[in-house]
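Visitor: Start from chain A and add chain B according to the hints.
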Amino acid sequence: MWQTLFDELKDQNFTIITVAMDADIEAARPHIEAASPDYISLIDRDHRVAGLYNMVNVPEAVWIDEAGQIVRPPEIAGTYDTVKSRDKITREVPAEEQAKRDTARQVYQDAIRDWVKNGAQSRHVFSPEEAKARLNVPDEAVAAAHANFQLGQFLLRQGKPAAAQPLFEEARRLHPESWTIWRETEEKNEAGLAAGPGFWARIDALGEKKFYNTVDMEGMPG
Amino acid sequence: MVWLLSDTGVREVAASTEGGGLWLSPEDMAAATGWEMKPEGLCQGEVCVPVPAGRTEEFAAGGKINAAAFWRHMGWPVAHGDNGVAWLLGEGADARRSALESLDAPDFTLPDLAGVEHSLSAQRGKKVFLATWASW
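Residue numbers (the numbering used here), protein chains in the order written: chain A, 1 to 222; chain B, 1 to 136.
Next comes chain B alone, as it looks inside the complex:
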């Protein structure tokens, strides 16, 4: 089993990590990332990315999808550690750049000391002074 971190959270999934890949079942791929294999290629909602010609086996084989190969193909960050037991499929710099350039303050949800979660977007309607600090 592999720990898989993505925008949708942390999940433990059955995966093969042969050859530096992260081979997931289509169900796990969809649940963790929202991307599904279709005849057009890998699709998330209306957006489809064709599999590069002649490279199908890098992305899909034996009923599994290589999530890491797809992420790398898109230029998005893939991190792995603990001898292939822990993986993270991160948000790409392209998405973060366009989010910032839209000037819509990127939303986040984080806990306070008591563990109560708060979202930036819940403050809509007020001016928000958002400030960071650290103990170190």
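Here chain A stands alone, though its shape is the one from the complex:
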């Protein structure tokens, strides 16, 4: 998904790292092979990056400057919440919502271009104070959820799904806002998606909250 942007910007002291939150490397493989990216494309079986950066869904992104400083904290990576607008039966996204998603992608990628061109002067780069104010930091329950999830993944790889299950249940209980933990540990359909009735029940339970939070960026559909 990021290859075109990478090709355009790679010679301007810019790079892309993608991280697949996939416990099963083989589930990620066909997607990576189809995209055939030239940027670094990693597999995170234990969702370590989600733990370190306190991420709760995919796709999320972080902008990191040349000195290794976060200039935009984790946020939804240029998409828009069309999930809740899907038709209850067909799961199709209405055209106007689809258009908003396309706009969100365009606005976000243009912002990355602006950052690459203007660096710290880019209007999309936050000052340290602004960046800190936008950080979501983990509490003890979230850290414990990731610990349980990680140990569960270890047991799965040892061929002990029954022993892993209580740890996954504990991880979900401790961190109910995490979609990464929930979807990873949910039963997948034939397309490899955790999109069964449980998923849609969770979406319905969001109420006014969003599946994808709006990115704090001028021109972004709200």
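Think of the hints as simulated: they come from the structure by calculation, not from any bench.
Fair warning: there could be bad hints in the mix.
Taking lysine to aspartate or glutamate and the EDC-like style, the derived pairs with C-alpha atoms no more than 20 angstroms apart in a straight line are [what the hints assert, rightly or not]:
hint : chain 1 : residue 1 : chain 2 : residue 2
1    : A       : K160      : A       : E26
2    : B       : K38       : A       : E66
3    : A       : K160      : B       : E12
4    : B       : K126      : A       : E26
5    : B       : K126      : A       : E8
6    : A       : K132      : B       : E101
7    : A       : K132      : B       : E57
8    : B       : K126      : A       : D11
9    : B       : K126      : A       : D114
10   : A       : K132      : B       : D104
11   : A       : K132      : B       : D107
12   : B       : K126      : A       : D65
Guide: Quick look at chain B alone, frame taken from chain A:
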């Protein structure tokens, strides 16, 4: 034997898990966590945490250290499963919060599809757009 996962990796150690504890030899404790029992308390480098008064037996007995009790005392995550055969001593939320609030992008090392490991910090000097996704 017990599987012990920590920031330093995965190791199989001799341990007793009586009473919901994880009793390790001082050598295993130091290797897995970097914490050692000293007269001042449990220490990692220059940092020492005194053992709470009157509770020494919860943390150290019979030449063993209760790693789980210490971790819980610090408010850090302890996970265990498979009937006490697998344990994880995780990084605390306090450390993760202060790491994020420093705005130094937390480093990680992960493999690509070919199994080659890459670290975020190796890209220092470039702007990095770090993006997650998943198959599910």
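Visitor: Determine for every hint whether it applies to the structure shown.
Guide: Verification of the supplied hints:
1. Restraint check for K160(A) and E26(A): the C-alpha separation of about 19 angstroms stays at or below 20 angstroms, so the hint holds.
2. Between K38(B) and E66(A), the direct Cα distance comes to roughly 41 angstroms. Violation of the 20 angstroms bound is thereby established for this hinted pair.
3. Distance restraint check for K160(A) and E12(B): the Cα-Cα separation of roughly 17 angstroms lies within the 20 angstroms cut-off, and the hinted pair is therefore satisfied.
4. Straight-line distance between C-alpha atoms of K126(B) and E26(A) comes to about 30 angstroms, which puts the hinted pair past the 20 angstroms bound.
5. For the hint pairing K126(B) with E8(A), the CA-to-CA distance comes to about 15 angstroms; that is within 20 angstroms, so the pair holds.
6. About 6 angstroms separates the Cα atoms of K132(A) and E101(B), which keeps this hinted pair within 20 angstroms; it holds.
7. Distance check on the hinted pair: K132(A) and E57(B) sit about 42 angstroms apart at the alpha-carbon level, beyond 20 angstroms; violated.
8. With a C-alpha separation of about 10 angstroms, the suggested pair K126(B) and D11(A) falls inside the 20 angstroms cut-off, and the hint holds.
9. The straight-line distance between the Cα atoms of K126(B) and D114(A) is roughly 15 angstroms, inside the 20 angstroms bound, and the hint therefore holds.
10. Proposed proximity of K132(A) and D104(B) is supported: the alpha carbons are some 11 angstroms apart, at most 20 angstroms.
11. Proposed proximity of K132(A) and D107(B) is supported: the alpha carbons are some 18 angstroms apart, at most 20 angstroms.
12. Distance check on the hinted pair: K126(B) and D65(A) sit about 7 angstroms apart at the alpha-carbon level, within 20 angstroms; holds.
Checked against the numbered hints listed earlier, the structure breaks hints 2, 4 and 7; every other hint is satisfied.
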